[in-house]
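Undergrad: Assemble the whole structure, with the sequences as input and the hints as a guide.
Spelled out from the first residue to the last, the chains are:
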Amino acid sequence: MSRAERPSALLGRLRRTSPLVQRALFAAVVLGLVSTIAIIGQAVALASLLGSLFHHPHAGIVRDATLFIGATALRMLAVGLAEPVTSRIASPIRRELRRRALRQVLADGPMSSVDATVQLCTRGVDAIENYIAKYVPSLVLAAMAPVLLLGWLALHDLWSASIVLVSVLLLPVFMVLLGLEAKEKMEQRWREQQELAGYFGDVVRGMTVLKSFNRSSDAVKNLDEVGEALQRTTMGTLRVAFLSSFALELLSSLATALVALVLGLRLLNGSLGLSTALAVLLLTPEVFLPLRRSAAQFHASADGIAAATDLLANLEKPHRGGTAPAPGRVPSLEIRDVRLTHASRHATQNAPINATIPSGSLVGVVGPSGSGKSTLLRVLCGLREPLSGAVLVDGVDLASIDLVSWQKRVAWLPQDPTLPGETVRAVVQMGDDSIDDQSIVRALHQVGLDLDLNRQLGEASAELSAGQRRRLALVRCIVRSPLVLVLDEPTAHLDTENAQLVVDAISRLPMTRIVATHRPFLVDQSISLAPSAVTNAN
Amino acid sequence: MRTRGVVRYALELEQPALRRAVLAGLLVTLSTIGLAGTSAWLIVRSAQEPAVLSLTVPMGLVQLFALSKAAGRYVERTQTHRSALGVMGHVRASVARLLEPLVPAGLGPNSADVVDVVVRDVDRVQDLLTAVAGPLLTSMFAGLVAVAVAGVIVPWTALTLFAGLLLTAVVLPLLAARVGESSANEMDLVRSEMVSLFDRAAQGGDEYVMAGASVSLERELATLEDRFDKALHGRTAMMGVISGLTTLISGLCVIAVVALTAVALRQGQVGPALVAVPALLGVSVLELVGGVAPSLVGFRGDRVALMRLEALANVEAPVKEPAEPGAMDSVAGELVATGLTRTFDGHRVLSNISFDLARGDVVMLGGPSGGGKTTLARLLAKFLDPDGGSLRIGSSPYDDLQSRQVRERVGFVDDAPHVFATSLAGNLRIAKPTATVEELEAALEAAGLSQLLATMPEGLDTQLGGSATGLSGGEQRRLGVARELLVRRPIVIFDEPTEGLDEQTATKVMSSIVERYRDGAVLVISHWGTDQVNATRRVELRDGSLGELDVTSAR
Chain A
9 MSRAERPSAL
19 LGRLRRTSPL
29 VQRALFAAVV
39 LGLVSTIAII
49 GQAVALASLL
59 GSLFHHPHAG
69 IVRDATLFIG
79 ATALRMLAVG
89 LAEPVTSRIA
99 SPIRRELRRR
109 ALRQVLADGP
119 MSSVDATVQL
129 CTRGVDAIEN
139 YIAKYVPSLV
149 LAAMAPVLLL
159 GWLALHDLWS
169 ASIVLVSVLL
179 LPVFMVLLGL
189 EAKEKMEQRW
199 REQQELAGYF
209 GDVVRGMTVL
219 KSFNRSSDAV
229 KNLDEVGEAL
239 QRTTMGTLRV
249 AFLSSFALEL
259 LSSLATALVA
269 LVLGLRLLNG
279 SLGLSTALAV
289 LLLTPEVFLP
299 LRRSAAQFHA
309 SADGIAAATD
319 LLANLEKPHR
329 GGTAPAPGRV
339 PSLEIRDVRL
349 THASRHATQN
359 APINATIPSG
369 SLVGVVGPSG
379 SGKSTLLRVL
389 CGLREPLSGA
399 VLVDGVDLAS
409 IDLVSWQKRV
419 AWLPQDPTLP
429 GETVRAVVQM
439 GDDSIDDQSI
449 VRALHQVGLD
459 LDLNRQLGEA
469 SAELSAGQRR
479 RLALVRCIVR
489 SPLVLVLDEP
499 TAHLDTENAQ
509 LVVDAISRLP
519 MTRIVATHRP
529 FLVDQSISLA
539 PSAVTNAN
Chain B
3 MRTRGVVRYA
13 LELEQPALRR
23 AVLAGLLVTL
33 STIGLAGTSA
43 WLIVRSAQEP
53 AVLSLTVPMG
63 LVQLFALSKA
73 AGRYVERTQT
83 HRSALGVMGH
93 VRASVARLLE
103 PLVPAGLGPN
113 SADVVDVVVR
123 DVDRVQDLLT
133 AVAGPLLTSM
143 FAGLVAVAVA
153 GVIVPWTALT
163 LFAGLLLTAV
173 VLPLLAARVG
183 ESSANEMDLV
193 RSEMVSLFDR
203 AAQGGDEYVM
213 AGASVSLERE
223 LATLEDRFDK
233 ALHGRTAMMG
243 VISGLTTLIS
253 GLCVIAVVAL
263 TAVALRQGQV
273 GPALVAVPAL
283 LGVSVLELVG
293 GVAPSLVGFR
303 GDRVALMRLE
313 ALANVEAPVK
323 EPAEPGAMDS
333 VAGELVATGL
343 TRTFDGHRVL
353 SNISFDLARG
363 DVVMLGGPSG
373 GGKTTLARLL
383 AKFLDPDGGS
393 LRIGSSPYDD
403 LQSRQVRERV
413 GFVDDAPHVF
423 ATSLAGNLRI
433 AKPTATVEEL
443 EAALEAAGLS
453 QLLATMPEGL
463 DTQLGGSATG
473 LSGGEQRRLG
483 VARELLVRRP
493 IVIFDEPTEG
503 LDEQTATKVM
513 SSIVERYRDG
523 AVLVISHWGT
533 DQVNATRRVE
543 LRDGSLGELD
553 VTSAR
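Order-wise, the sequence lines are chains A and B.
Using my numbering, the letters of the first sequence map in sequence onto residues 9 to 546.
Using my numbering, the letters of the second sequence map in sequence onto residues 3 to 557.
Simulated from the structure, these hints should not be mistaken for lab results.
Think of the CB as a built atom: it goes at the ideal place given N, C-alpha and C, for glycine as much as any other residue.
One should not assume that every hint holds.
Stated by the list, open to error - What the simulated footprint calls covered on chain A by chain B, stretch by stretch (three residues with Cβ under 8 Å from a Cβ of chain B suffice, anywhere in the stretch; the number is not a length):
#1 214-223
#2 227-238
#3 244-256
#4 418-431
TA: Right under this line is the structure:
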């Protein structure tokens, strides 16, 4: 996880992502303020009722009771609507973020490791929604509701208002005095707890491995010990970590007590009415409530902040690709001074690759494992950018061509195809209903596969042999009638007879074909890759 | 422990801290209502303008309650967290201990999924204990005290407050837990389907893009989001209704208390000084419990999680362990299986398999998925007992040996060995804690991972697992192979060790493995009858039966 940034800056970036963020915030804050106003109404009406009871004048009782019930109804509405309304406004934000995350993943591959990316796009996006719909409004309310309440107090009893104001202002001072260490300790506690949970997950998920090496009983015993050690060391941490919650509680309850004392003394000398005094007493603790609520959500928000920081960093990356139109007929390709980075890590290739591929020709890419064959093919597909150099399509730099339309014209057989879909037909169509049965049958026949289109294949086509899977993936390429065909090891896992069938089928196809292979292949030319030397031999 | 249940057992272990936490919680809630009650009394009494001295007691009490509330809160927070930490530590250890004998064969066909559910369940139990059980318990008790005090002042208000508490602290939470259940389940379901969608996108994204199928993934996502939104909006609507009802009931309850106090005042049953006390007690006590109910919408899932954990104790262990270790030959003899049969849920996975592995054997085991290859491997490594037939190693029958004894001789690397959240070296040393750096490097090299090591930013010290550095499925498998090569047990079973490699490299890795087991016996499970290596035998499992294959007709 990358370093979290300031909430205000983050919120600004989220707001640029969607105008709805502002609306969700607005709705939540307005409803929160309405509920605060209703609370003031309830307190005033209740205090006035009790005052009337004390003084025996019955006039106004009905009015006060009606006001109380009215305020209760208003509060009920505000409280009841808060969750449903903000969640309805925030849902589209979540959907939009997730949709963009999916597009980003599809366009640029996993953002970090596959697991982390999946986590970020699922639970991470949920955490961002919570952050927007719950934490930020609670933070804004923590700033606005006390102001409203203090305003009312100041209008009716300056003394109490001053006491409450001083305690509220003391709060940050206290927080700073003991807060820095407490905050650190709080985060340490949080981390330790997460670590224990992580360690537990690791032990139970890895139980098979541990058992296999007869290490499982050690690990379980260790889990006990780690838990106990953590508990011992954490007690010290906890004592400091909760000092801030102690300060909040102490200030709010002392303020209430002090207000009660001052109210009592002023009632004694007759400078204040009972109803006002009671209302002030009822409202004093309410000033601290929003502060406490937002403090309680601090950790839930940390997940949201981390996720939002990570996700936005990825979503704000510029999109690759240009605007030039993709070719309308079978193109020629030129690979000019292309250098590659290794598929997933940092190793760089030494020598640049150069090759000219005429329109409609069949070109082989050969070289030892790890020399960058698969990476070069991905570059041709526009799935990756070369470290340096360029690929020219009919003389036009691929980087300036619109990627989506280029990729529509290129078909690619990856080294390890996943083949999603339940039936043979679904695997080949892969969501494209315009591919008809007749062309699928023809392509299956071309590569020597005899499969019923309705055959159920199980998850990721596990029912098929590796050789069958490979040929089915090739069929998926052929039926799309591309202008360029890019094949990574089309004959892997095939026996000699079927491999020959596939080789013949590929040789007869009319488009520009680039094939990475270990097998001798009848090609027009081959590009041979080696970590140090690259030649373009005819 | 088995009969008492893991959570109760853990709670008992942490009793002292829990007791302190609950007592402190009680102090907080009692102080809260004490503060409300005495300050109401103080103010109304002051309005009667008595002598200042007569107010000393309520003034002192107000200060006292304020201090005890803050102090109590501090103790409650620290002790709650301490005990929760302890309880969760014990629960985790107990759950791990329960899982140990069951993994991997005792949890049904989707063992990894079951373990994931268990990990999530443990987290949910933590929420159940800290966020719900504690606050509800202490505020209920404080509520009863408030009801009693109010009852002493104006008897009928006790009944009203009690009814209000019953509704807001018991009825509404129960209702809340029940009503949101189906939407909570649906949200869980959609979440896991979303995980699998993003998994596919992250792993095979390029394939979708190139096949022009990204739109269909987006459509799929939109459908899932629709389902999620529907469930979410149902859930938040419920939460809205429940929190609205809580507010309404509290308000009506307070106004009823005021009305009853008015009647009592007119009849002279209560002095004017106490007129505000029942109402203010009501306000503060109802506020205390008011927040709990809405957060409980759909909470039954968490109780289900608790029950699922407890149920682990009743799962039958897949292996019967003899009480004493059995006698073993000092030198590993051959592994002989006779007439093995294994049935799962009435479905016969293996029938009458006879098989042997002797020194020098390199056996390739092929056959379609679901043909029983993994089950056979688990039987051989004593992760699972057969229903019929027998196994022996040398002269020792498996029935007499503890499973750890068998695994001193027989190694099994499954097709997705776990990568632990530790360094590459730490991951390897799981197999052999004393292994030297040279040994580690040699094992990686033999497993075809020297290239991986070369590109790791911090070499052997690079952190793996979790979200740090991801390994591909093939690298993960070969990490498992490297672990096994460190201990080099006499008999070893590899599940798809070279999948994901190109043929040339696969052949190289396979021959380097076979080379290292020249003194032992190797069984390689392979999806397709691979021709990468000179096997001494090729066999195929199809529909639970073993067939010997002619070496030349493999595939």
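Undergrad: Evaluate each hint against the coordinates.
TA: Verification of the hints:
Note: the stretch 214-223 of chain A has 10 residues with beta-carbon separation from chain B under 8 Å; the three-residue rule is met and the coverage holds. Only residues whose C-beta sits within less than 8 Å of a C-beta in chain B count toward coverage, and the stretch 227-238 of chain A has 8 of them, enough to reach three; the restraint holds. Residue count for the stretch 244-256 of chain A with a Cβ under 8 Å from a Cβ of chain B: 6. That meets the three needed, and the coverage hint holds. Check on the stretch 418-431 of chain A: 9 of its residues sit with their Cβ under 8 Å from a Cβ of chain B, so the three-residue criterion for coverage holds.
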